[in-house]
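Line by line, the protein sequences give chains A and B.
So for the first sequence, this note's numbering puts the first residue at 1; every next one is plus one.
So for the second sequence, this note's numbering puts the first residue at 1; every next one is plus one.
Hint data in this document are derived by calculation from the structure and do not stem from the laboratory.
C-beta: ideal position from N, C-alpha, C; glycine also.
Any given hint could turn out to be false.
Stated by the list, open to error - Computed cross-link-like contacts, PhoX-like style, restricted to lysine-lysine with a CA-CA straight-line distance of at most 25 Å:
hint: 1; chain 1: B; residue 1: 117; chain 2: B; residue 2: 85
hint: 2; chain 1: B; residue 1: 85; chain 2: A; residue 2: 28
hint: 3; chain 1: B; residue 1: 28; chain 2: A; residue 2: 85
Unchecked claim - Covered by chain B, according to a simulated footprint, are these stretches of chain A (three or more residues, beta-carbon under 8 Å):
hint: 4; region: 126 to 135
hint: 5; region: 219 to 229
Number of protein chains: 2
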Amino acid sequence: MQLFYYDIPSAQSTKLELEKQDSRHLTKVLRKKSGDTFHVTDGKGNLFDATLGLVTSNRCEIDLAFAKAEPPPSPSLHIAIAPTKMNDRMEWFLEKATEIGVSTISPIICQRSERKKINHDRFQRIITSALQQSAQLWMPELKDQQSFDQFVKNHDAQQKFMAHCMDGTEGYLGSQLEMGSDTIIMIGPEGDFTPDEWKMAITMGFESVNLGNTRLRTETAGVYTATIFQGLQLLDLK
Amino acid sequence: MQLFYYDIPSAQSTKLELEKQDSRHLTKVLRKKSGDTFHVTDGKGNLFDATLGLVTSNRCEIDLAFAKAEPPPSPSLHIAIAPTKMNDRMEWFLEKATEIGVSTISPIICQRSERKKINHDRFQRIITSALQQSAQLWMPELKDQQSFDQFVKNHDAQQKFMAHCMDGTEGYLGSQLEMGSDTIIMIGPEGDFTPDEWKMAITMGFESVNLGNTRLRTETAGVYTATIFQGLQLLDLK
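All chains should be built: construct the whole structure from the sequences, respecting the hints.
Printed below as a string of structure tokens:
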């Protein structure tokens with residue numbers, strides 16, 4: 001059954017009113033009619049059975065019945081990634097990381113970043129769309145963009161990695177991951193992190209890792225990381 | 001150093017002539033000049049040190065010196081995938097699968113495929129571009145499109161999987177993979193494989209597997225599969 005994301009006050013909510021934009025999208029673009037049923041999530045783990053109620057030209061009502069709650073994804077994966085020069089590459093990463101499953105995404109502006117500014121609203125819409133399409137109940141949190149320095153100084157987790165291709169002496173991400181631990185992984189821009197950034201990250205407790213034997217683009221590295229992290233938790237080999 | 005792919009007669013070749021299109025691309029678009037050095041691969045494991053020689057308006061010569069040979073990727077991964085309705089999604093898969101590493105890609109037309117025809121030359125150009133960008137020496141082989149039936153009846157490997165989301169009783173791909181074995185994995189179209197296709201695959205020795213807990217788009221499933229396959233070989237945990 002089709003799943004929609006809406007901002008819902010609480011798991012006890014039984015009614016939701018959609019204003020102009022969301023209402024028109026649901027009733028005009030997607031052609032839902034009064035009486036149609038679908039699923040709704042609040043992006044915070046709750047699923048609702050939903051029935052479209054009264055529809056007027058600019059708004060509509062949805063009747064909600066709580067169906068189930070899912071605990072947050074654990075362990076959590078936080079990917080900090082330098083936005084790519086070409087926006088569509090970053091948008092692919094956002095869509096795919098959401099499909100595969102990631103808890104938090106932080107756009108970080110690095111010394112070699114060619115793109116210094118992101119469109120947060122557009123990024124959020126892509127994540128929301130991917131959440132709905134992949135039928136998940138926890139929306140990845142999209143942080144505001146921040147500088148590499150700010151990010152490194154202000155974020156901690158049980159394990160912290162920096163993926164890069166500086167000299168090849170690092171361990172492979174998959175070998176270094178501790179199963180069951182909340183994890184931060186940083187991925188650099190097209191020109192990689194600088195030696196200064198590398199030093200700062202090491203000082204702040206990040207471990208330097210590689211992502212295998214081939215040279216991956218930034219957005220590929222992001223999707224690769226999400227896949228290996230989720231895949232290894234499922235295998236639970238360690 | 002920049003890597004270019006050209007069709008080269010043998011590892012002993014010491015000279016290569018580029019005709020109009022390739023020559024103009026190298027000298028006009030990429031602005032290489034006589035005397036410039038770069039790397040060249042034949043896509044069959046051989047790397048050459050290359051120097052641009054004589055350049056005329058419509059052709060150029062490249063001097064080649066054999067540098068090294070790499071054995072073919074082993075174990076091999078052959079992904080058979082239904083082309084997506086939207087071409088850009090399939091093209092994204094081709095680029096990412098090439099970056100991460102895959103030996104063979106077979107576009108398969110399934111019962112529920114909305115796209116019945118691919119542009120083989122365009123697909124090949126995307127793979128070539130990704131090969132060069134990711135600095136690899138083995139070009140993934142792009143097979144001609146074929147029907148699901150043809151594919152299933154005519155291809156074998158040490159292990160063969162069908163990834164789908166039919167009922168959820170299958171094992172996880174990562175758990176079922178035997179390390180070190182040449183592998184075929186089939187990925188279905190947007191509407192998944194049909195029960196008839198599933199039965200035929202099982203009869204022909206394919207094992208049904210899932211790709212984790214979330215619902216992945218076709219192209220995401222392809223990239224996910226390549227990542228898990230390569231990642232587990234690197235871990236060599238089993």
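Flag every earlier hint the structure violates by its number, smallest first. none
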